[in-house]
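**Q** Sequence:
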Amino acid sequence: MHDAVIAKSILRDLEQYGSIKKAYLEIGELFGIEPDHLLEHLKEVSDIEFDVVQSKSEVICKDCKFKGQANITMRMHDFVLYDCPKCGSSVEVIKGDKIIIVKVEK
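In this text, residue positions in the sequence shown follow the working numbering: the first is 44, and each later residue adds one.
Fair warning: there could be bad hints in the mix.
Keeping only pairs whose Cα atoms sit at most 20 Å apart, straight-line, the calculated DMTMM-like set for lysine to aspartate or glutamate is [to be verified]:
(1) 51 / 121
(2) 105 / 140
(3) 110 / 135
(4) 64 / 90
(5) 64 / 106
(6) 108 / 126
(7) 146 / 106
(8) 99 / 135
(9) 141 / 126
(10) 141 / 79
(11) 149 / 77
(12) 51 / 90
(13) 141 / 58
(14) 99 / 121
(15) 146 / 69
(16) 138 / 126
(17) 138 / 69
(18) 99 / 126
(19) 64 / 148
(20) 64 / 92
(21) 149 / 90
(22) 138 / 77
(23) 99 / 79
(24) 99 / 72
(25) 65 / 90
(26) 146 / 79
(27) 99 / 77
(28) 108 / 69
(29) 86 / 46
(30) 110 / 126
(31) 141 / 46
(32) 51 / 69
(33) 129 / 94
(34) 51 / 83
(35) 65 / 87
(36) 141 / 90
(37) 105 / 126
(38) 65 / 79
(39) 141 / 72
(40) 51 / 106
In case anyone wonders, no lab produced these hints; they're calculated from the structure. Source: prediction; values computed, not measured.
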């Protein structure tokens, strides 16, 4: 259900571009959805061709000030748990927790 709702939301966002043949999406590794699962749902509800890639995260540790990729401690179907790979503390996400429409082809 979570994946289907996200797919419909992406299609609503794509409506602003009019008729589209192909859309390029970038899914942050901390977003909580696997690119293959999202692609499956998008194909079920749209004729648009999709190119979906997963991007790495970038975080800053609130304690040790580490800046880099998050340590993913658990990945479930619709959520991701992560922390600082250096000290295990909470982090602030700079990038990698969103879906971005990178480009569209008409």
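**Q** A separate judgement is required for each hint: does it hold in the structure or not?
**A** For each hint, the structure was consulted:
no. : hint      : result
1   : 51 / 121  : holds (16 Å)
2   : 105 / 140 : holds (17 Å)
3   : 110 / 135 : holds (10 Å)
4   : 64 / 90   : holds (8 Å)
5   : 64 / 106  : violated (46 Å)
6   : 108 / 126 : holds (12 Å)
7   : 146 / 106 : violated (37 Å)
8   : 99 / 135  : holds (14 Å)
9   : 141 / 126 : holds (17 Å)
10  : 141 / 79  : holds (16 Å)
11  : 149 / 77  : violated (26 Å)
12  : 51 / 90   : holds (13 Å)
13  : 141 / 58  : holds (19 Å)
14  : 99 / 121  : holds (17 Å)
15  : 146 / 69  : holds (10 Å)
16  : 138 / 126 : holds (14 Å)
17  : 138 / 69  : holds (11 Å)
18  : 99 / 126  : holds (14 Å)
19  : 64 / 148  : holds (6 Å)
20  : 64 / 92   : holds (6 Å)
21  : 149 / 90  : holds (13 Å)
22  : 138 / 77  : holds (17 Å)
23  : 99 / 79   : holds (16 Å)
24  : 99 / 72   : holds (6 Å)
25  : 65 / 90   : holds (9 Å)
26  : 146 / 79  : holds (19 Å)
27  : 99 / 77   : holds (13 Å)
28  : 108 / 69  : violated (26 Å)
29  : 86 / 46   : holds (12 Å)
30  : 110 / 126 : holds (12 Å)
31  : 141 / 46  : holds (14 Å)
32  : 51 / 69   : holds (16 Å)
33  : 129 / 94  : violated (33 Å)
34  : 51 / 83   : holds (12 Å)
35  : 65 / 87   : holds (15 Å)
36  : 141 / 90  : violated (23 Å)
37  : 105 / 126 : holds (10 Å)
38  : 65 / 79   : holds (17 Å)
39  : 141 / 72  : holds (8 Å)
40  : 51 / 106  : violated (38 Å)
Violated hints, in rising order: 5, 7, 11, 28, 33, 36 and 40; the structure is consistent with all others.
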